[in-house]
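> Sequence:
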Amino acid sequence: MEEKVDGIHPGYGFLSENAEFARKVKEAGLTFIGPAPDTIEKMGDKIVARTTMEKAGVPVVPGSEHGLKTLEDAVDLADEIGYPVMLKASGGGGGIGMVLCENEQALAKNFDSTKSRAKAYFGSDEVFIEKYIKNARHVEVQVFGDTHGNHVHMFERDCSIQRRHQKVIEEAPSPFLKEEARQKMYDTAVKAAKAMDYVNAGTVEFIVDENENFYFLEMNTRLQVEHPVTETITGLDLVKWQILVARGEKLPLLQNEIEKKGWAIEFRLYAEDPVKFLPSPGKISEFSWLEAEGVRVDSGYESGSAVTPFYDPMVAKCIVRGNTREEAIQLAREFFATLKVEGIKSNAPLFAEILTEEGFKSGNYTTAYLTERKMASK
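Taking this note's numbering, I'd label the letters of the sequence shown as residues -15 to 362.
A few of these clues could be false.
Think about it this way: if two alpha-carbon atoms lie no more than 30 Å apart in a straight line, the pair counts; the simulated DSS-like pairs of lysine-lysine are [claimed, not checked]:
(1) Lys115 <-> Lys103
(2) Lys115 <-> Lys53
(3) Lys324 <-> Lys260
(4) Lys168 <-> Lys26
(5) Lys168 <-> Lys244
Just the calculated beta-carbon pair ranges, DEER-fashion [claimed, not checked]:
(6) Arg317 <-> His50: 42 to 50 Å
(7) Gln314 <-> Gln239: 29 to 37 Å
(8) Pro258 <-> Glu342: 35 to 43 Å
(9) Pro68 <-> Gly232: 42 to 50 Å
(10) Lys(-12) <-> Glu356: 47 to 55 Å
(11) Glu196 <-> Glu86: 52 to 60 Å
(12) Thr54 <-> Asp282: 38 to 46 Å
(13) Ala352 <-> Ser289: 27 to 35 Å
(14) Met359 <-> Ser289: 45 to 53 Å
(15) Ala360 <-> Gln167: 32 to 40 Å
(16) Ala92 <-> Pro293: 15 to 23 Å
(17) Asn87 <-> Gln314: 22 to 30 Å
(18) Glu196 <-> Gln314: 24 to 32 Å
(19) Pro258 <-> Lys178: 36 to 44 Å
No lab work stands behind these hints, which were simulated from the structure alone. Glycine residues also receive a C-beta, built at the ideal position from the N, C-alpha and C atoms.
With the hints as constraints, model all of the structure from the sequences given.
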């Protein structure tokens, strides 16, 4: 059967940031619905990305300007910028290949194993280090560019609730940022996109310290898992925008025409133990919830589906919207009270607990939130 295909959307998995795949699509005479292969390649190498952003005037976390070949090189740089540091795979993503090193002993212990893990996952054993920002928030800005030189932002998402450096709750707007810092972050993200002549959907990720100083973390050259958060507060269809831009059209709206309304929170529902965060593959005997206004569930699973151990164990993305953050939190509590995920373990009980905790309700949380609550429960 011959399919009349003229374009390929890579989703938001590994293929979406695979420059070689994007090139193969173009060589086949098809349209790749995403940024140019060279852009994917450049931002996929975290060291090259850092250098590119520095040249564009975007603040970066103190760290490596090139890959570290030996442990001695890593120790020398860590002594220069000061511990603790993050040891990272240059080709890494999704929290893979990242290790916090509090001192030289930890750096020495993890250096070779991180290089090996980087080689196994990303095909390159190149690693680098960055200064670890304590009590940090992880905030990202959705950007879009077209082939006509237009670039816009679609506001920010706060992704600070993480386990193993991987996001599990995202919300927009950020409950932490003040308006001045928020606007400065938007301007910086757009400046980064313009400097690269960026085309299609992208996300500029920042690490933010206690004083709202922010630093470039990485740029994801694809649609993010959490893009529904942005769609929910803007009323825009980001996939539609991607297709229009890939067809060579101008961005549908100018910056001053993009508005945000209300508050949105996304919960990544995983098939995993809610305490140890270990995967829980198996057959889902029941997967149901009470439909309600302001609730969106994106999932490829249903009652009777099997979650295999071969892929990421995310079962669904559960997004709620309220006129205020308080309304969104209340709606989320009601949603998780009706949600049934049976036959496997899931992190739904974790979300139900977090939604009642003052640390989350206050909005004054950091990337260490889940680690600290776990330690406090021991």
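> Hints first: check each against the structure and report whether it holds.
Evaluation of the provided hints:
Proximity of Lys115 to Lys103 is assessed by CA-CA distance (about 23 Å); at most 30 Å being required, the pair is judged to hold. Our distance criterion of 30 Å between C-alpha atoms is met by Lys115 and Lys53, whose separation comes to about 18 Å. For the suggested pair Lys324 and Lys260, the alpha carbons sit about 20 Å apart, so the restraint of at most 30 Å is met. At roughly 24 Å between alpha-carbon atoms, Lys168 and Lys26 fall within 30 Å of each other, so this suggested pair holds.
Only pairs whose Cα atoms come within 30 Å are accepted, and Lys168 paired with Lys244 is accepted, the gap being roughly 17 Å. A C-beta distance of roughly 48 Å is found between Arg317 and His50, which places it inside the suggested range of 42 to 50 Å. In this structure the hint that Gln314 and Gln239 lie 29 to 37 Å apart at CB holds, the actual value being about 32 Å. One distance hint, 35 to 43 Å for the beta-carbon pair Pro258 and Glu342, is violated here, with the actual separation near 20 Å.
Our hint of 42 to 50 Å for Pro68 and Gly232 holds, since their Cβ atoms are close to 47 Å apart. At about 54 Å, the CB distance of Lys(-12) to Glu356 agrees with the hint of 47 to 55 Å. Against the hinted window of 52 to 60 Å, the Cβ-Cβ separation of Glu196 and Glu86 comes to about 25 Å, which falls outside the hint. For the pair Thr54 and Asp282, the beta carbons lie near 45 Å from each other, so the given range of 38 to 46 Å is met.
Evaluation of the 27 to 35 Å hint for Ala352 and Ser289 yields a pass: the beta carbon distance comes to about 34 Å. The given range of 45 to 53 Å is broken by Met359 and Ser289, whose C-beta atoms sit roughly 35 Å from each other. Between Ala360 and Gln167 the beta carbon distance is about 35 Å. The supplied range of 32 to 40 Å therefore holds. Between Ala92 and Pro293 the beta carbon distance is about 33 Å. The supplied range of 15 to 23 Å is therefore violated.
Separated by about 44 Å at the C-beta atoms, Asn87 and Gln314 break the suggested range of 22 to 30 Å. In this structure, Glu196 and Gln314 meet the distance hint of 24 to 32 Å, their C-beta atoms being roughly 28 Å apart. Checked against the given bound of 36 to 44 Å, the beta carbons of Pro258 and Lys178, roughly 42 Å apart, stay inside it.
The structure shown violates the earlier hints numbered 8, 11, 14, 16, 17.
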